[in-house]
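**Q** Sequence:
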Amino acid sequence: MYHKSLFPDIPTFPEQNVHNLLFNRPEQQSWPDYTLYVDALIGQRRSYREFLDRVRDGGTALGAPVEQGGLGLNPGGKEIVAILSENCLDYMTLLHSCFAMTVPFTMFSSYATVSELKYSVSLTKATRLFVSKSLLPLALSTGFPDERIYLFEGHINGRTSFDEMIRQVRNNHIPRQSIRHAERDTLAYLILSSGTSGPPKAVMISHGNILNTLMQAAVIAPEIAKVQPPATWNGPDGRQTIFSVLPLHHAFGLHLTAVRIFLQPTTIVLLSKWDPDVYLDSIPKPVFRITSIFLIPSLVHQLLQHPRLKTTDFSTVQTVMCGAAYLPQQLASEFVKHFPTVERVNEGYGMSEATISVSATPTLGLFGGRAKIVPGSAGMLLPGFEACVVREDGSLADENEPGELYLRSGSVALGYWNDEKATKETFVNGWLRTGDRFRIDKDEVLYFEDRTKDTLKVSGMQVSPVEIENTLLAHPDKLIIDASVAGVSGGRISDEKIPRAWVVLSSAGAILGETQTIEKLDAWVRENLSKYKWLRGGIVIVDKIPKSESGKVLRRILVQAYEEQRKATRSKL
1 MYHKSLFPDI PTFPEQNVHN LLFNRPEQQS WPDYTLYVDA LIGQRRSYRE
51 FLDRVRDGGT ALGAPVEQGG LGLNPGGKEI VAILSENCLD YMTLLHSCFA
101 MTVPFTMFSS YATVSELKYS VSLTKATRLF VSKSLLPLAL STGFPDERIY
151 LFEGHINGRT SFDEMIRQVR NNHIPRQSIR HAERDTLAYL ILSSGTSGPP
201 KAVMISHGNI LNTLMQAAVI APEIAKVQPP ATWNGPDGRQ TIFSVLPLHH
251 AFGLHLTAVR IFLQPTTIVL LSKWDPDVYL DSIPKPVFRI TSIFLIPSLV
301 HQLLQHPRLK TTDFSTVQTV MCGAAYLPQQ LASEFVKHFP TVERVNEGYG
351 MSEATISVSA TPTLGLFGGR AKIVPGSAGM LLPGFEACVV REDGSLADEN
401 EPGELYLRSG SVALGYWNDE KATKETFVNG WLRTGDRFRI DKDEVLYFED
451 RTKDTLKVSG MQVSPVEIEN TLLAHPDKLI IDASVAGVSG GRISDEKIPR
501 AWVVLSSAGA ILGETQTIEK LDAWVRENLS KYKWLRGGIV IVDKIPKSES
551 GKVLRRILVQ AYEEQRKATR SKL
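Mapped onto our numbering, the consecutive letters of the sequence shown carry residue numbers 1 to 573.
These are calculated hints, taken from the structure and not from any lab test. It cannot be assumed that every hint is accurate.
In the DSS-like style, the derived pairs of lysine-lysine whose C-alpha atoms are separated by at most 25 Å in a straight line are [as the list claims (entries may be wrong)]: (1) 4 to 372; (2) 310 to 273; (3) 372 to 442; (4) 520 to 478; (5) 133 to 273; (6) 497 to 520; (7) 4 to 442; (8) 273 to 497; (9) 520 to 118; (10) 497 to 567; (11) 567 to 118; (12) 547 to 421; (13) 531 to 273; (14) 118 to 273; (15) 337 to 310; (16) 544 to 567; (17) 285 to 273; (18) 421 to 118; (19) 547 to 478; (20) 421 to 125; (21) 442 to 226; (22) 544 to 478; (23) 133 to 118; (24) 497 to 544; (25) 547 to 497; (26) 337 to 372; (27) 310 to 285; (28) 531 to 497; (29) 226 to 372; (30) 531 to 478; (31) 531 to 133; (32) 78 to 118; (33) 424 to 4.
Estimated spans, in silico, between C-beta atoms of each pair [as the list claims (entries may be wrong)]: (34) 568 to 393: 33 to 41 Å; (35) 368 to 133: 52 to 60 Å; (36) 284 to 229: 23 to 31 Å; (37) 376 to 29: 37 to 45 Å; (38) 368 to 392: 33 to 41 Å.
Even for Gly, the Cβ is constructed at its ideal location relative to N, Cα and C.
Work the whole structure out from these sequences, hints included.
**A** Structure (structure tokens):
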């Protein structure tokens with residue numbers, strides 16, 4: 001059966017640059033010049049109006065003609081601006097400067113290895129690269145044209161920084177570029193995702209996709225106002241203060257930190273990279289007064305194991321949200337006990353191919369009292385989303401029956417960049433095949449069951465078994481002739497799977513021996529892939545990889561045998 005969000009439909013809106021909706025709304029003229037961003041480590045602050053001025057000057061630096069001192073980046077000019085950096089204040093500035101100039105951007109993981117970064121550059125066809133000073137050696141190792149690599153800030157002889165570009169615009173009084181028009185399908189950015197299978201792909205998100213997600217708030221806010229009074233926040237000057245620790249190259253971190261916060265005056269306290277001690281130190285600081293925290297399950301798990309969790313003052317925190325992967329209810333219940341004014345950990349479901357959120361925990365009283373808050377569920381569909389649950393034979397599942405979740409919305413991406421085959425497989429007749437198994441009950445509550453696709457979620461990040469398999473097979477000593485990778489039990493939380501490899505030795509591997517071959521393969525993976533992709537589930541030598549008549553690897557047979565052996569071993573202990 002088909003399901004439709006119980007919220008009112010999203011109203012029609014004109015085609016426009018997302019910059020206009022975020023910064024040129026009439027009510028913003030009366031906003032105070034509040035603190036927008038704070039760097040939690042160094043205390044640097046940037047006000048709303050300082051940020052907006054910096055965005056406009058940054059856009060001018062990107063879009064002004066070369067003869068005027070700009071980079072001369074034009075829409076439709078096949079330019080892709082890439083970003084390789086830890087979270088920092090000018091990361092958001094550059095993103096919005098690109099929005100304003102309709103120059104698409106892409107974001108690379110600051111945890112990437114050389115081979116991963118080379119792949120990302122090749123995949124996205126990036127033409128300019130802005131990089132933090134600490135990651136410049138990594139950027140230079142990719143072979144990216146040296147003259148097109150720029151710093152974010154700081155100074156290195158012979159290399160221009162984004163900060164210097166902005167100062168040059170101001171010092172030389174370069175006329176500000178106008179905000180460029182964007183249509184619904186104008187490409188805004190590429191975000192890397194493993195999709196429903198295979199190695200990472202570049203998801204194409206348009207200005208229209210982002211506007212659609214923002215218009216959800218225009219629908220949700222008045223509906224919530226009907227059933228509860230406006231929120232009173234504990235932050236400075238009565239504002240919501242969000243502690244953002246999620247990487248900006250991830251869709252969750254991107255929209256939380258750089259997009260949705262401009263719907264109302266909000267302060268973001270930004271942490272450049274995860275450090276649990278700094279995190280716990282920062283929350284109770286009077287200068288911050290954190291009201292809202294957003295995490296992923298692996299970080300929740302780390303905090304639950306931290307000895308200082310019980311002694312940290314969380315009295316200012318009013319909302320806790322967890323996303324990017326499924327959070328077991330046991331962990332959610334244990335975690336929320338440490339927050340005296342928080343009733344529950346709010347959850348939801350989203351994916352890069354749907355821009356960001358698909359469903360979320362609703363507010364009680366919505367939909368004429370029909371809204372249900374069910375611990376452990378993925379909440380209810382957000383405005384503008386339609387869904388259906390599909391059986392393996394392609395027929396529609398019944399109410400409360402598991403199957404693959406299909407989605408339809410104006411938030412669904414344009415497709416995959418330069419990958420027609422993957423686009424056709426995932427975006428089918430106007431529907432997005434999520435590759436995730438869900439069931440939807442009679443109250444329209446969504447429940448995550450498991451993943452139909454091969455992609456794993458480790459520490460909230462997507463991990464492609466195919467990417468790891470290809471890395472193993474690419475070992476220069478040709479130690480194996482076949483490999484299969486799948487997720488097995490053993491993660492930080494009970495529902496998290498970790499990668500395990502089954503490999504078939506080549507003659508060279510057989511001569512070297514099983515022990516040394518495994519050691520070499522493991523070291524190779526660690527050298528070439530990010531830590532969350534390492535084979536924490538181990539590597540095992542097998543005679544052959546089980547496959548179907550059509551040649552498809554039967555991963556479930558390998559996983560089932562491993563899990564049965566693991567269970568038997570644990571029972572003996």
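**Q** Please go over all the hints and tell whether each is borne out by the structure.
**A** The hints, checked one at a time:
Under the criterion of a C-alpha separation no larger than 25 Å, the hint pairing residue 4 with residue 372 is consistent with the structure, at around 16 Å. Taken as a hint, the residue 310 and residue 273 pair is honoured in the structure, with Cα atoms around 23 Å apart against an allowance of 25 Å. In summary, the hint linking residue 372 to residue 442 is supported, as the alpha carbons are separated by about 11 Å, within the 25 Å threshold. Pair hint residue 520 plus residue 478 holds up; C-alpha atoms about 11 Å apart against a cutoff of 25 Å.
At most 25 Å may separate the alpha-carbon atoms for a hinted pair to count; residue 133 and residue 273 meet this at roughly 15 Å. For a cut-off of 25 Å, the pair hint linking residue 497 to residue 520 stands: about 23 Å separates their Cα positions. This hinted pair checks out: residue 4 and residue 442 have alpha carbons roughly 12 Å apart, not beyond 25 Å. For the given pair, residue 273 sits about 24 Å from residue 497 by alpha-carbon distance, which is consistent with the 25 Å threshold.
In summary, the hint linking residue 520 to residue 118 is supported, as the alpha carbons are separated by about 22 Å, within the 25 Å threshold. Restraint check for residue 497 and residue 567: the C-alpha separation of about 15 Å stays at or below 25 Å, so the hint holds. Only pairs whose Cα atoms come within 25 Å are accepted, and residue 567 paired with residue 118 is rejected, the gap being roughly 40 Å. Pair hint residue 547 plus residue 421 holds up; C-alpha atoms about 23 Å apart against a cutoff of 25 Å.
The hinted pair formed by residue 531 and residue 273 meets the criterion: a straight-line CA distance of about 15 Å does not exceed 25 Å. Of the pairs offered as hints, the one joining residue 118 and residue 273 holds, with about 22 Å between alpha carbons and a cut-off of 25 Å not exceeded. About 10 Å separates the Cα atoms of residue 337 and residue 310, which keeps this hinted pair within 25 Å; it holds. About 23 Å separates the Cα atoms of residue 544 and residue 567, which keeps this hinted pair within 25 Å; it holds.
Our distance criterion of 25 Å between C-alpha atoms is met by residue 285 and residue 273, whose separation comes to about 19 Å. Between the alpha carbons of residue 421 and residue 118 the distance comes to roughly 22 Å, so the proposed pair stays at or under 25 Å and holds. Annotation: proposed proximity of residue 547 to residue 478 holds, straight-line Cα distance about 22 Å (limit 25 Å). Taken as a hint, the residue 421 and residue 125 pair is honoured in the structure, with Cα atoms around 18 Å apart against an allowance of 25 Å.
For the given pair, residue 442 sits about 24 Å from residue 226 by alpha-carbon distance, which is consistent with the 25 Å threshold. Simply put, residue 544 and residue 478 have alpha-carbon atoms about 16 Å apart, close enough for the 25 Å limit, and the pair holds. Distance check on the hinted pair: residue 133 and residue 118 sit about 18 Å apart at the alpha-carbon level, within 25 Å; holds. Between residue 497 and residue 544 the alpha-carbon distance is near 23 Å, which keeps this suggested pair within the 25 Å criterion.
Restraint check for residue 547 and residue 497: the C-alpha separation of about 22 Å stays at or below 25 Å, so the hint holds. Between residue 337 and residue 372, the direct Cα distance comes to roughly 22 Å. Compliance with the 25 Å bound is thereby established for this hinted pair. Restraint check for residue 310 and residue 285: satisfied, since their Cα atoms lie roughly 16 Å apart, inside the 25 Å limit. Straight-line distance between C-alpha atoms of residue 531 and residue 497 comes to about 15 Å, which keeps the hinted pair within the 25 Å bound.
Proposed proximity of residue 226 and residue 372 is supported: the alpha carbons are some 16 Å apart, at most 25 Å. A distance of roughly 23 Å separates the Cα atoms of residue 531 and residue 478; the hinted pair therefore holds under the 25 Å criterion. The straight-line distance between the Cα atoms of residue 531 and residue 133 is roughly 22 Å, inside the 25 Å bound, and the hint therefore holds. Restraint check: the Cα-Cα separation between residue 78 and residue 118 comes to about 19 Å, which is no more than 25 Å; the hinted pair holds.
For a cut-off of 25 Å, the pair hint linking residue 424 to residue 4 stands: about 24 Å separates their Cα positions. For residue 568 and residue 393, the hinted distance range of 33 to 41 Å is satisfied, since their beta carbons lie about 34 Å from each other. Between residue 368 and residue 133 the C-beta distance comes to about 55 Å, which sits within the given range of 52 to 60 Å. Between residue 284 and residue 229 the CB atoms are about 27 Å apart, so this pair conforms to the stated range of 23 to 31 Å.
Checked against the hint of 37 to 45 Å, the C-beta distance between residue 376 and residue 29 comes to roughly 44 Å, which is consistent with it. Distance hint for residue 368 and residue 392: a CB-CB separation of about 36 Å, consistent with the stated range 33 to 41 Å.
In this structure, the one hint that does not hold is number 11.
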